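2 protein chains.
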Amino acid sequence: MMSALKRFLIGRPLKSEELAEEKLSKFKALAVLSSDALSSVAYGTEQILLVLMTVGFVALWYSIPISIAVLGLLTILILSYRQTIYAYPTGGGAYIVSKENLGVPVGLLAGGSLLVDYILTVAVSISAGTDAITSAFPGLHDHRVLIAIVMIAFLTIMNLRGITESASILAYPVYLFVILIVLLILSGLYKYAAGGVSAAPQTHDMAISGISLFILLKAFSSGCSALTGVEAVSNAIPNFKAPAEKNAARTLMMMGLILGSLFMGISFLAYTYGITPRPEETVVSQIAASTFGRGPMYYAIQASTALILFLAANTAYAAFPLLAYMMAKDKFMPRMFTARGDRLGFSNGIIVLGVLSAILIVIAQGHTEGLIPLYALGVFIPFTLSQTGMMRRWWKMKPKGWAISFLINTIGMITTFSICLIFLITKFSQVWIIFLFLPVVIYFFIRIHKHYLNMANELRIDPKAETPVTKGNVIVVPVAGVNRVVLNTIGYAKSISENIIAVYVAFDDDDAQKMEKKWEEWNSGVRLVILKSSYRSILRPLIKFIDTIEWKTSETDYVTVMIPQFITRSWWHNFLHNQSSILIRAYLLNRKDVTISTVPFHLKH
Amino acid sequence: MMSALKRFLIGRPLKSEELAEEKLSKFKALAVLSSDALSSVAYGTEQILLVLMTVGFVALWYSIPISIAVLGLLTILILSYRQTIYAYPTGGGAYIVSKENLGVPVGLLAGGSLLVDYILTVAVSISAGTDAITSAFPGLHDHRVLIAIVMIAFLTIMNLRGITESASILAYPVYLFVILIVLLILSGLYKYAAGGVSAAPQTHDMAISGISLFILLKAFSSGCSALTGVEAVSNAIPNFKAPAEKNAARTLMMMGLILGSLFMGISFLAYTYGITPRPEETVVSQIAASTFGRGPMYYAIQASTALILFLAANTAYAAFPLLAYMMAKDKFMPRMFTARGDRLGFSNGIIVLGVLSAILIVIAQGHTEGLIPLYALGVFIPFTLSQTGMMRRWWKMKPKGWAISFLINTIGMITTFSICLIFLITKFSQVWIIFLFLPVVIYFFIRIHKHYLNMANELRIDPKAETPVTKGNVIVVPVAGVNRVVLNTIGYAKSISENIIAVYVAFDDDDAQKMEKKWEEWNSGVRLVILKSSYRSILRPLIKFIDTIEWKTSETDYVTVMIPQFITRSWWHNFLHNQSSILIRAYLLNRKDVTISTVPFHLKH
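Protein chains in written order, with the UniProt record's numbering: chain A, 1 to 605; chain B, 1 to 605.
Hints were generated in silico from the structure; no laboratory data involved. It is possible that some hints are incorrect.
Intra- or inter-copy, both count: the list cannot distinguish identical chains.
[As the list claims (entries may be wrong)] Taking lysine to aspartate or glutamate pairs in the DMTMM-like style, the calculated list, with each CA pair at most 20 Å apart, reads:
1) Lys241 x Glu520
2) Lys552 x Glu466
3) Lys331 x Glu516
4) Lys494 x Asp557
5) Lys494 x Asp547
6) Lys517 x Asp547
7) Lys552 x Asp593
8) Lys494 x Glu521
9) Lys592 x Asp557
10) Lys329 x Asp511
11) Lys604 x Glu458
12) Lys518 x Glu466
13) Lys15 x Asp510
14) Lys6 x Asp330
15) Lys514 x Asp462
16) Lys494 x Asp508
17) Lys544 x Asp508
18) Lys592 x Asp510
19) Lys400 x Glu369
20) Lys241 x Glu281
21) Lys464 x Asp547
22) Lys331 x Glu100
All values reported here derive from a predicted model rather than from experimental measurement.
Whenever a hint applies, use it, and build me the whole structure from the sequences.
Here it is, written out as structure tokens:
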């Protein structure tokens with residue numbers, strides 16, 4: 001039944017040979033990998049205006065130069081990630097670039113930040129999408145955590161169905177959003193050109209008092225949160241159709257172009273319309289309302305904005321499992337992240353991402369706004385590290401024309417590093433936890449690595465010199481009486497060794513005598529040892545006995561404990577049987593060097 | 001660590017021989033077994049007054065004759081349960097009496113009602129105690145579910161420590177309550193006799209309109225809820241010191257005497273003081289305030305009332321495990337209820353009672369008032385059945401002087417049956433669920449019984465004719481490479497059989513060839529079968545292979561699957577290993593008739 005449900009949700013399993021068909025075309029890849037970046041259009045401009053508003057209405061003029069600065073940074077990031085794609089065509093982004101050029105610890109820092117960041121991405125964007133829904137339907141406000149969990153479950157299942165299938169379906173809302181925002185900007189510009197804009201923009205030659213470099217930097221760094229998600233393409237190169245790196249580079253350029261245009265368009269319209277951020281209405285909503293009025297176009301834009309906010313999470317679903325896979329291949333993450341699931345995706349990564357972000361949402365009760373600065377910082381740390389790594393690479397290899405590449409990465413490094421510093425300075429109270437969290441994550445990466453290396457050493461044998469050793473066999477069979485289960489188990493035990501000891505734990509003398517008599521009557525040819533338990537525990541006397549056996553014979557014999565187990569026909573029948581066999585097995589397995597044989601007895605009723 | 005914690009909470013384990021010391025004296029037994037009944041003093045009179053108030057202030061006069069009627073019923077119940085104790089000196093109460101005299105299904109009905117009822121008792125009385133606390137400290141109101149759960153945990157642990165120990169500690173608050181209420185009644189009577197009572201009682205010769213038989217019956221049945229818990233003594237005879245039945249009978253008489261006096265005293269004072277029930281203050285509180293003023297005595301009475309409400313639950317803790325034990329001995333309940341724990345109590349019964357009542361409180365979010373009628377009906381059903389059973393017994397056996405005994409039980413039966421009917425008629429909307437619930441419970445009793453009988457038949461062998469059968473042995477060893485784990489496992493396998501097949505599941509051809517080569521190099525003397533898995537599942541090809549082996553050899557050979565298992569040093573290391581061995585074991589054990597041997601490999605790191 002479980003497997004039928006799984007099949008219904010996930011689809012039929014795919015053969016390993018079908019992997020090539022699970023690759024993305026540029027068109028689909030753009031939709032999957034840019035949804036995070038594009039969703040920033042919905043809030044990027046607003047973030048800038050919110051900071052400027054703290055100074056006053058007149059400071060809003062600065063939104064134009066700040067937006068241009070963000071656009072400049074975007075251009076640098078796109079160009080430098082393009083270089084990374086060609087330099088590391090098998091993918092990897094910040095983790096690989098840092099590890100190769102700056103050493104393993106730096107690579108782990110980049111990888112750790114990104115992994116944590118993808119979890120934050122899902123939590124933050126799903127919460128934002130949920131907010132959009134509950135703004136439209138306030139009655140649902142009490143169920144926001146539930147809505148968020150359902151959305152995460154939906155995205156998780158879609159991604160478990162395989163990347164092509166999820167891309168095919170999720171591409172529509174992404175392109176719809178792009179088209180609608182382009183229409184909005186064009187109509188807005190036309191209206192502005194035709195002089196139909198009512199609210200006159202502020203003139204910039206007014207004297208603006210109270211504006212400081214601090215505020216401008218804060219506004220700039222807030223605007224930079226629109227650039228999260230830009231690194232996704234370079235992480236996900238293995239998901240592209242051949243020629244993977246060429247397709248990835250083109251997709252990246254395309255994404256930069258779209259993101260840059262939409263972001264500038266919205267910023268420009270917000271300024272010309274004289275729009276100020278309001279708690280009860282978003283900037284995009286205000287622009288759409290002024291341009292189209294509150295008609296069908298307005299509602300289409302609102303709905304598609306809510307959708308893109310949800311889908312921003314999907315970029316993390318594409319990138320997290322791949323990064324986890326690469327780190328697991330390097331033995332820094334549990335091996336399970338390397339296994340491909342039924343639909344050839346890295347299912348464990350997908351599920352872990354879904355579960356952890358759901359937990360985060362439940363803990364925060366859906367209020368994840370406080371996580372946004374943390375999340376932005378978590379992106380710009382690996383940005384900086386990967387730029388630095390690329391600089392190092394150019395410097396070492398010095399290929400033809402390396403100077404320009406080096407220059408691009410240097411500018412990129414300086415800018416992203418500055419943004420990290422700005423985040424740290426302006427929002428320390430919200431981001432300090434990263435200094436606690438990242439070391440813990442990196443510590444675990446290293447512990448995991450050590451464990452795997454130690455284990456490999458322990459397991460290694462010399463195939464020439466070491467061959468299996470045979471020994472004698474002592475078999476201990478705990479019995480609860482003379483019945484069919486015991487009959488079966490003793491029969492099985494006799495087929496593998498002559499040396500069998502049946503053990504009975506008696507709670508009182510009367511009990512012991514009765515059992516002794518029964519056993520003699522039966523005459524099975526197996527000797528019976530009766531242990532007395534004053535404390536009514538079966539486990540303790542049994543363990544003592546096995547200790548003795550082990551101590552006497554472990555040099556010459558393997559010790560096997562043979563445990564009969566009832567297999568009941570319905571699950572609830574398990575409550576009707578003492579589950580001591582499970583307890584005994586768990587204890588012996590963990591503490592003793594004895595083999596446990598479970599002999600099933602399938603009850604017919 | 002777990003076992004140290006257990007030892008701290010529960011105490012050192014006791015030997016089976018110490019059981020005799022775990023018996024109760026009359027003094028302690030009265031405290032444990034009467035707390036439920038005595039706690040009714042805190043609310044019994046109030047229940048009557050509440051119903052009468054619906055007619056009007058003048059109807060309160062009827063509380064006196066109604067209280068006398070309740071007292072009469074109490075006398076009948078006490079006398080008839082006294083007869084039951086002598087008739088069934090090994091204990092059992094309604095379940096045993098009904099089963100023996102009216103047949104097994106009726107016995108199950110009585111037993112089922114009582115079991116459910118004990119759970120309700122705990123939930124209702126713990127909630128009442130919590131209400132008393134949160135009335136005193138309103139700031140705790142939001143934590144009422146937590147407080148209730150903590151109290152249940154406390155009672156559960158106390159009872160797991162053994163009945164004598166819990167009785168020694170819990171006897172103090174019970175006797176304190178009795179002494180305080182006796183003092184209250186005496187002082188009240190003295191004040192009344194001295195003419196110091198301000199509110200003049202209503203005279204009873206006023207014309208009272210609007211009072212109907214229905215209201216009177218409803219008030220009477222509400223007052224009867226004070227009689228719940230009377231049956232506890234007859235259930236718990238095995239817990240008494242020898243001579244058990246004599247001690248039990250005396251304890252029962254003593255309990256009746258105390259309960260009757262306190263109940264009548266409170267009812268009389270409430271009437272003479274002209275007290276009306278108020279939502280914000282209990283009747284007992286009003287009486288205490290009028291008698292002593294709001295001084296230390298008043299607060300002592302309030303605190304001890306809160307305590308007795310909590311401790312009412314303790315009676316259920318004494319009775320539930322014993323009843324469950326008796327029904328489990330008759331194979332109507334899971335066998336686990338017959339096991340005595342470390343401290344010789346029936347721990348499983350105690351824990352199950354605690355868990356179920358805690359669940360009930362969480363579901364009801366601490367508002368269990370609605371359960372009271374259900375709980376009262378659940379008591380009067382077994383009352384009626386056990387009276388009927390006793391009637392039948394006298395009629396059949398006709399011992400000397402049986403006519404009087406028969407008469408007592410007949411009156412008892414008619415009264416308790418009438419009360420059942422009154423509950424059904426007056427409170428149907430709150431008790432109908434019992435008609436759904438009891439059949440389900442009884443259905444499960446019967447299913448459990450059938451399962452045990454069927455199993456006994458399946459397991460029975462003829463010790464003369466049936467002896468163990470030996471067969472050959474095929475051993476299947478799934479291997480993941482050539483390493484020390486495989487070396488160990490093959491060594492063990494070779495010691496028990498010659499017929500070994502190592503199985504490797506390869507995900508692609510390359511993988512398969514590499515493994516084949518490695519295995520040849522090793523030359524372990526064991527043949528290797530390589531299975532190809534296109535779908536990256538280890539389980540499915542393995543199961544298919546084992547199916548084939550089974551089909552070929554099951555006539556002549558036992559099939560053993562030998563699964564190596566890593567035992568890691570810290571629990572979190574388990575996440576670093578694919579737990580496929582657990583999956584494979586669970587699947588094979590449940591579906592196939594093969595023995596699973598788990599060969600542990602203890603990792604050193």
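Taking the hints in turn, this is what the structure says about them:
no. : hint            : verdict
1   : Lys241 x Glu520 : neither (75 Å within a copy, 39 Å between copies)
2   : Lys552 x Glu466 : neither (26 Å within a copy, 33 Å between copies)
3   : Lys331 x Glu516 : neither (56 Å within a copy, 25 Å between copies)
4   : Lys494 x Asp557 : both (16 Å within a copy, 12 Å between copies)
5   : Lys494 x Asp547 : neither (22 Å within a copy, 24 Å between copies)
6   : Lys517 x Asp547 : neither (27 Å within a copy, 41 Å between copies)
7   : Lys552 x Asp593 : within (14 Å within a copy, 33 Å between copies)
8   : Lys494 x Glu521 : within (19 Å within a copy, 34 Å between copies)
9   : Lys592 x Asp557 : within (14 Å within a copy, 29 Å between copies)
10  : Lys329 x Asp511 : between (58 Å within a copy, 17 Å between copies)
11  : Lys604 x Glu458 : between (44 Å within a copy, 8 Å between copies)
12  : Lys518 x Glu466 : between (47 Å within a copy, 13 Å between copies)
13  : Lys15 x Asp510  : between (63 Å within a copy, 16 Å between copies)
14  : Lys6 x Asp330   : neither (31 Å within a copy, 43 Å between copies)
15  : Lys514 x Asp462 : between (54 Å within a copy, 17 Å between copies)
16  : Lys494 x Asp508 : neither (29 Å within a copy, 40 Å between copies)
17  : Lys544 x Asp508 : within (18 Å within a copy, 48 Å between copies)
18  : Lys592 x Asp510 : neither (32 Å within a copy, 38 Å between copies)
19  : Lys400 x Glu369 : neither (46 Å within a copy, 85 Å between copies)
20  : Lys241 x Glu281 : neither (41 Å within a copy, 77 Å between copies)
21  : Lys464 x Asp547 : neither (35 Å within a copy, 34 Å between copies)
22  : Lys331 x Glu100 : within (15 Å within a copy, 69 Å between copies)
Consistency with the previously given hints fails for numbers 1, 2, 3, 5, 6, 14, 16, 18, 19, 20, 21, ordered from lowest to highest.
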